[in-house]
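Asker: Heads up, the sequence shown is in my numbering, so the first residue is 176 and it goes up one at a time.
Take these hints with a grain of salt, some might be off.
What the hints assert, rightly or not - Derived Cβ-Cβ restraints for the label pairs, each shown as a range:
#1 Pro333 <-> Ala295: 23 to 29 Å
#2 Thr300 <-> Val244: 26 to 32 Å
#3 Lys239 <-> Arg322: 17 to 23 Å
#4 Arg221 <-> Ala297: 45 to 51 Å
#5 Arg221 <-> Thr303: 36 to 42 Å
#6 Val244 <-> Ser278: 22 to 28 Å
Hints in this document: simulated from the structure, not taken from any laboratory.
Virtual Cβ for every residue (Gly too), placed ideally from N, Cα, C.
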Amino acid sequence: MKKLVLLLVLGALFYIGIRWAQNVHEEASFCTLDGKICPNGAVVGRIPPTCEFAPCDTQKWKTKREGMVEFQYPDSLETTYIGAHEWPPQITIEAQQKACTGSTRKMNGKTYCINSEVGAAAGSTYITYTYETARGGNTVRAVFTLRYPQCGNYAEGPEQKKCEDEQNSFNLDALIDGIIRTVRVF
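Construct the entire structure; sequences and hints are all you get.
Answerer: And the structure:
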């Protein structure tokens, strides 16, 4: 009986030793820390063991087709204070590139020409944006209007702070770059 118990204990130790040795020799999977900006502006990283980028969440995005142009856009900005006034963007494609008359910004390797027109009404500021970028010898243009409340109209306190924080953290450039990246011409 003692020999049987001793044999079982030795067998268990042998099994545990083998499993431990296998785990020690397995290499840990490390991925680079780069990120990919999704059409909705979110950033996703790489997932071990294959180090492919995590999928983007575009479930809440709609597809719009006007003539020969199709693109995807979020139905909602998912913001509390900033509102989409003229939305979705009007996407047009010009068969030529033109000189930029606004400010330029580089996003995800693309240079954008950005113009904005500011208007105001009853405690809010309305800004009409025009984003343009070159693609395949053409100019892709997105035009839309957003409403920004004047956060100072809220009583000083948490509501005013939330409004200001949202306006400061809203990444419009990444959102529009994501939309323009979905543009397809038929």
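Asker: Quick check on a hinted range of 36 to 42 Å for Arg221 and Thr303, using CB atoms only.
Answerer: holds, 38 Å
Asker: Could you check the hint for me, namely that Val244 and Ser278 are 22 to 28 Å apart, CB to CB?
Answerer: This hint holds: roughly 25 Å between Cβ atoms.
Asker: Does the Cβ distance between Lys239 and Arg322 fall inside 17 to 23 Å?
Answerer: holds, 21 Å
Asker: Is the gap between the beta carbons of Arg221 and Ala297 within 45 to 51 Å?
Answerer: Given a distance of about 47 Å, which is inside 45 to 51 Å, the answer is holds.
Asker: Note whether the CB distance of Pro333 and Ala295 lies within 23 to 29 Å or breaks it.
Answerer: Once the Cβ atoms are compared, 25 Å apart, the range 23 to 29 Å for Ala295 and Pro333 holds.
Asker: How does the Cβ-Cβ distance of Thr300 and Val244 compare with 26 to 32 Å: does it lie in that range?
Answerer: Given about 29 Å between the Cβ atoms, the range holds.
The structure meets every hint from the earlier list without exception.
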